[in-house]
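Protein chains in written order, with my numbering: chain A, 1 to 459; chain B, 1 to 459.
Rather than coming from a laboratory, the hints here were simulated on the basis of the structure. There's no promise every hint is true.
[As the list claims (entries may be wrong)] Lysine to aspartate or glutamate pairs mimicking DMTMM-like chemistry, simulated, CA-CA at most 25 Å apart:
{"#": "1", "chain 1": "B", "residue 1": "Lys344", "chain 2": "B", "residue 2": "Asp215"}
{"#": "2", "chain 1": "B", "residue 1": "Lys289", "chain 2": "B", "residue 2": "Glu364"}
{"#": "3", "chain 1": "B", "residue 1": "Lys264", "chain 2": "B", "residue 2": "Asp378"}
{"#": "4", "chain 1": "A", "residue 1": "Lys318", "chain 2": "B", "residue 2": "Asp378"}
{"#": "5", "chain 1": "B", "residue 1": "Lys318", "chain 2": "A", "residue 2": "Glu262"}
{"#": "6", "chain 1": "B", "residue 1": "Lys318", "chain 2": "A", "residue 2": "Asp259"}
{"#": "7", "chain 1": "A", "residue 1": "Lys318", "chain 2": "B", "residue 2": "Glu364"}
{"#": "8", "chain 1": "B", "residue 1": "Lys318", "chain 2": "A", "residue 2": "Asp378"}
{"#": "9", "chain 1": "B", "residue 1": "Lys343", "chain 2": "A", "residue 2": "Glu315"}
Read off the chains here:
There are 2 protein chains.
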Amino acid sequence: MTNKLNSAINFAHENENRFRDELIELVRIPSVSTDVEHKGDMQKAAEYLANKLKGIGMNNVSIMPTGGHPVVYADFLTAGDDKPTVVIYGHYDVQPTDPIELWESDPFAAEIRDGKLFGRGTSDMKGQVMASIHAVEAWMKQGGMPINIKWLLEGEEEIGSPSLGKFIENNKDLFACDFALNPDGGILAEDLPTIPYSLRGLAYLELTLFGPAGDLHSGQFGGAVLNPANELARLIGGMHDENGRITLPNFYDSVVELDDEERKELARLPQDEAFYLEQTGSPKLWGEKGYTPVEHTGGRPTLDVNGLLSGFTGEGSKTVLPAKAMAKISMRLVANQDPIQVKKQLIQYIEENIRPGVTWTLDEHTGAKPSLTSRDSDGVKALAKAMETVWDVRPLYYRVGGSIPVVGQMMEILGVDSVMTGFGLPDDNLHAPNEKLTLGPWYKGIDTLIHFFANLVAN
Amino acid sequence: MTNKLNSAINFAHENENRFRDELIELVRIPSVSTDVEHKGDMQKAAEYLANKLKGIGMNNVSIMPTGGHPVVYADFLTAGDDKPTVVIYGHYDVQPTDPIELWESDPFAAEIRDGKLFGRGTSDMKGQVMASIHAVEAWMKQGGMPINIKWLLEGEEEIGSPSLGKFIENNKDLFACDFALNPDGGILAEDLPTIPYSLRGLAYLELTLFGPAGDLHSGQFGGAVLNPANELARLIGGMHDENGRITLPNFYDSVVELDDEERKELARLPQDEAFYLEQTGSPKLWGEKGYTPVEHTGGRPTLDVNGLLSGFTGEGSKTVLPAKAMAKISMRLVANQDPIQVKKQLIQYIEENIRPGVTWTLDEHTGAKPSLTSRDSDGVKALAKAMETVWDVRPLYYRVGGSIPVVGQMMEILGVDSVMTGFGLPDDNLHAPNEKLTLGPWYKGIDTLIHFFANLVAN
Numbered sequence: 001m002t003n004k005l006n007s008a009i010n011f012a013h014e015n016e017n018r019f020r021d022e023l024i025e026l027v028r029i030p031s032v033s034t035d036v037e038h039k040g041d042m043q044k045a046a047e048y049l050a051n052k053l054k055g056i057g058m059n060n061v062s063i064m065p066t067g068g069h070p071v072v073y074a075d076f077l078t079a080g081d082d083k084p085t086v087v088i089y090g091h092y093d094v095q096p097t098d099p100i101e102l103w104e105s106d107p108f109a110a111e112i113r114d115g116k117l118f119g120r121g122t123s124d125m126k127g128q129v130m131a132s133i134h135a136v137e138a139w140m141k142q143g144g145m146p147i148n149i150k151w152l153l154e155g156e157e158e159i160g161s162p163s164l165g166k167f168i169e170n171n172k173d174l175f176a177c178d179f180a181l182n183p184d185g186g187i188l189a190e191d192l193p194t195i196p197y198s199l200r201g202l203a204y205l206e207l208t209l210f211g212p213a214g215d216l217h218s219g220q221f222g223g224a225v226l227n228p229a230n231e232l233a234r235l236i237g238g239m240h241d242e243n244g245r246i247t248l249p250n251f252y253d254s255v256v257e258l259d260d261e262e263r264k265e266l267a268r269l270p271q272d273e274a275f276y277l278e279q280t281g282s283p284k285l286w287g288e289k290g291y292t293p294v295e296h297t298g299g300r301p302t303l304d305v306n307g308l309l310s311g312f313t314g315e316g317s318k319t320v321l322p323a324k325a326m327a328k329i330s331m332r333l334v335a336n337q338d339p340i341q342v343k344k345q346l347i348q349y350i351e352e353n354i355r356p357g358v359t360w361t362l363d364e365h366t367g368a369k370p371s372l373t374s375r376d377s378d379g380v381k382a383l384a385k386a387m388e389t390v391w392d393v394r395p396l397y398y399r400v401g402g403s404i405p406v407v408g409q410m411m412e413i414l415g416v417d418s419v420m421t422g423f424g425l426p427d428d429n430l431h432a433p434n435e436k437l438t439l440g441p442w443y444k445g446i447d448t449l450i451h452f453f454a455n456l457v458a459n
Numbered sequence: 001m002t003n004k005l006n007s008a009i010n011f012a013h014e015n016e017n018r019f020r021d022e023l024i025e026l027v028r029i030p031s032v033s034t035d036v037e038h039k040g041d042m043q044k045a046a047e048y049l050a051n052k053l054k055g056i057g058m059n060n061v062s063i064m065p066t067g068g069h070p071v072v073y074a075d076f077l078t079a080g081d082d083k084p085t086v087v088i089y090g091h092y093d094v095q096p097t098d099p100i101e102l103w104e105s106d107p108f109a110a111e112i113r114d115g116k117l118f119g120r121g122t123s124d125m126k127g128q129v130m131a132s133i134h135a136v137e138a139w140m141k142q143g144g145m146p147i148n149i150k151w152l153l154e155g156e157e158e159i160g161s162p163s164l165g166k167f168i169e170n171n172k173d174l175f176a177c178d179f180a181l182n183p184d185g186g187i188l189a190e191d192l193p194t195i196p197y198s199l200r201g202l203a204y205l206e207l208t209l210f211g212p213a214g215d216l217h218s219g220q221f222g223g224a225v226l227n228p229a230n231e232l233a234r235l236i237g238g239m240h241d242e243n244g245r246i247t248l249p250n251f252y253d254s255v256v257e258l259d260d261e262e263r264k265e266l267a268r269l270p271q272d273e274a275f276y277l278e279q280t281g282s283p284k285l286w287g288e289k290g291y292t293p294v295e296h297t298g299g300r301p302t303l304d305v306n307g308l309l310s311g312f313t314g315e316g317s318k319t320v321l322p323a324k325a326m327a328k329i330s331m332r333l334v335a336n337q338d339p340i341q342v343k344k345q346l347i348q349y350i351e352e353n354i355r356p357g358v359t360w361t362l363d364e365h366t367g368a369k370p371s372l373t374s375r376d377s378d379g380v381k382a383l384a385k386a387m388e389t390v391w392d393v394r395p396l397y398y399r400v401g402g403s404i405p406v407v408g409q410m411m412e413i414l415g416v417d418s419v420m421t422g423f424g425l426p427d428d429n430l431h432a433p434n435e436k437l438t439l440g441p442w443y444k445g446i447d448t449l450i451h452f453f454a455n456l457v458a459n
């Protein structure tokens with residue numbers, strides 16, 4: 001095993017330039033999933049990956065229709081029943097490039113400057129997909145994989161993976177596994193390997209209050225009817241208490257609290273108050289009393305207004321008493337909150353607090369369950385050990401504030417956790433002009449994955 | 001005097017058809033002040049009125065430039081220094097006609113159907129201006145007016161009288177008077193003569209809260225920064241207490257409370273809860289505890305959100321933590337509140353309550369002082385007596401919920417109260433398709449004004 005591992009690492013080092021050039025080939029296919037004009041490119045990117053997987057020796061390679069953009073499937077299941085089976089997730093679609101005029105080089109030229117590969121999708125996440133393929137190739141050259149793997153490479157992540165849930169549902173047996181590897185994350189700095197082990201969930205709702213039948217003259221009727229904009233503000237204003245805690249009934253009941261050991265781990269993260277002030281540009285930080293910003297954004301639930309609209313919003317003044325008022329309200333959830341329960345708690349809060357002068361509707365936009373992968377699970381331990389070997393430092397553990405729907409879907413449909421990884425950096429300009437991938441940590445990432453596969457079967 | 005009065009009334013009755021036809025002539029001039037295409041018609045309407053005033057014997061008739069549409073001035077000041085001097089206010093401009101397709105007859109054809117004159121401006125307020133001119137003509141036929149009068153007929157009321165304040169300021173001496181007569185009001189029903197003796201003032205402000213430097217991802221940063229939309233809602237939510245009272249510091253200090261006798265008068269008004277429910281279409285009325293809807297809308301101050309805007313307001317969901325949030329907030333004021341003081345109270349409330357995670361701006365859009373003309377003043381008593389004579393019922397006293405800027409300007413610049421009157425009805429479709437004037441009460445209005453002038457000098 002150690003011989004094969006060393007040989008796989010050597011292979012990877014010897015092939016760094018070819019690995020990089022293959023990534024460049026993939027980046028040059030403008031697979032923008034939002035844009036129907038790129039439908040052909042989506043197919044081309046899927047075919048590129050299918051050919052590549054075939055080339056490195058994967059079995060059952062196929063481009064599977066989903067109703068939307070296809071999923072590339074492949075597997076290699078010869079490691080034996082006693083070895084773990086891992087689904088390697090990835091997406092081959094990329095964000096649009098606008099505003100195109102802010103790019104310093106053609107987003108699909110994949111230009112290298114100063115050790116960085118610039119181009120749309122380099123970091124998010126063609127680089128991560130190719131790193132996984134390269135790591136597997138390095139093992140295949142040693143006679144095969146130490147574990148069983150299945151590939152699930154989708155083409156709709158940047159449009160919210162509309163087809164994926166149903167696709168996994170329909171192919172539940174095909175994707176049966178012990179856990180998933182999801183390299184759609186990143187590390188915090190070139191010298192700080194990081195393991196994201198938790199994602200927040202989401203409950204995104206739209207609350208509309210209806211008062212008078214139509215907009216009223218605020219002089220003629222103001223004072224005698226409940227103004228839905230005032231009432232909406234009052235309701236929202238009451239959703240937090242003075243300590244920044246959310247007041248929906250039973251909201252915190254199922255929240256897994258951070259324990260001292262976890263808080264100590266999180267405190268190792270370099271993101272201090274100054275970091276958050278600088279990143280947000282807020283005049284002052286504010287959050288639930290008793291927690292640090294890293295804990296606020298990763299380990300605690302939130303309730304944020306994402307949008308407000310009522311009455312007259314143009315220039316100047318119009319003395320209208322609006323007929324309705326709308327707020328988009330979303331809650332970031334942490335384990336073990338459930339978006340369906342949280343919606344019920346919001347409904348209960350509204351019912352208990354709203355005044356009778358308005359009626360209301362609550363529409364649901366999205367829901368995603370939070371996830372929390374144990375830092376003591378085999379997958380996370382194997383990844384941590386691999387990172388420590390390659391970087392020679394103990395990795396940081398990190399809770400991600402956002403949601404990755406596919407992680408929740410795998411949990412929900414396949415009943416498996418996801419081990420999150422990825423080797424991009426915070427300044428990679430994801431979804432922005434001049435996206436880039438720094439090649440140094442990317443090569444280390446390939447090494448890390450090679451070690452990771454070995455660690456999963458080490459005794 | 002009684003002979004002259006009877007003779008003036010007889011003259012008016014004998015000339016009803018001619019009076020109506022002259023109104024029709026004026027309505028047929030499409031003097032839409034908002035529309036530059038009607039600039040010539042504005043001039044024509046001003047000339048029509050100037051000629052008419054000259055024709056009935058007024059002195060110093062002139063069309064005075066204002067920078068915007070002109071003011072028609074005239075006077076007749078021969079009643080003697082011991083007699084009151086009254087400025088008769090009016091406006092000759094009208095609202096636009098859209099949606100034109102909803103009119104049942106050409107808005108400028110001035111068609112009579114079923115005792116009603118249909119046309120733009122018939123009720124608001126060419127009919128009221130002509131009623132005043134006809135009443136004065138009836139007196140002039142008796143050898144002259146019993147009081148001194150000055151005319152101020154502007155052409156910009158429907159666009160907010162932008163030039164008027166400065167014009168009155170520049171002509172302060174010209175318009176010196178004991179009080180103003182403003183017939184831009186109306187009565188509540190054909191058989192219910194009504195005297196509006198109070199107008200609410202207005203302080204219209206725009207509050208914007210600024211949080212992060214730009215919109216943030218609500219997953220990445222939600223929980224660690226103050227969301228300006230949440231905070232705006234909390235601030236607005238705190239501006240009323242559970243009894244519907246406004247919580248700005250010292251807000252009610254200068255409010256003239258309704259006394260028992262006034263509340264008894266207001267209780268005579270036919271507008272009960274059912275009326276307000278029907279007019280507003282609200283599911284339930286709501287207002288400051290301890291007051292009736294008529295008192296809410298006329299006698300008590302309000303704080304209404306007129307507009308809300310923040311973050312993402314399109315279809316669906318976007319997980320944005322908005323960089324800013326805006327609310328248009330206006331307060332209707334009652335005597336003796338002052339919009340400048342009230343703005344200071346709002347600022348104090350914000351300063352005392354806002355959290356340090358946001359900065360803010362407060363822009364002022366409009367301010368208007370409330371007005372309250374004593375029901376015991378000579379002008380109101382003369383009007384009440386005139387109405388009782390003509391209608392044979394004691395008039396109702398009414399507090400108007402809206403603001404009429406010119407009333408505040410006359411108070412501020414000339415130091416005089418306005419006696420409000422007018423003979424339109426609530427269903428006259430002001431500012432809407434099929435505006436009309438019911439001729440029966442309009443003729444009574446002319447009689448009322450003839451009596452009113454007499455009553456002002458009766459001992």
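Results for each hint:
1. B:Lys344 / B:Asp215: violated, 30 Å
2. B:Lys289 / B:Glu364: violated, 29 Å
3. B:Lys264 / B:Asp378: Since the Cα atoms of Lys264 (chain B) and Asp378 (chain B) sit roughly 22 Å apart, the hinted pair holds (cutoff 25 Å).
4. A:Lys318 / B:Asp378: Cα-Cα ~35 Å, so violated.
5. B:Lys318 / A:Glu262: violated, 31 Å
6. B:Lys318 / A:Asp259: violated, 32 Å
7. A:Lys318 / B:Glu364: Since the Cα atoms of Lys318 (chain A) and Glu364 (chain B) sit roughly 13 Å apart, the hinted pair holds (cutoff 25 Å).
8. B:Lys318 / A:Asp378: Outside the cut-off at roughly 35 Å; violated.
9. B:Lys343 / A:Glu315: This hinted pair holds, its Cα atoms lying about 19 Å apart.
In the structure shown, a violation is registered for the earlier hints numbered 1, 2, 4, 5, 6, 8, in ascending order.
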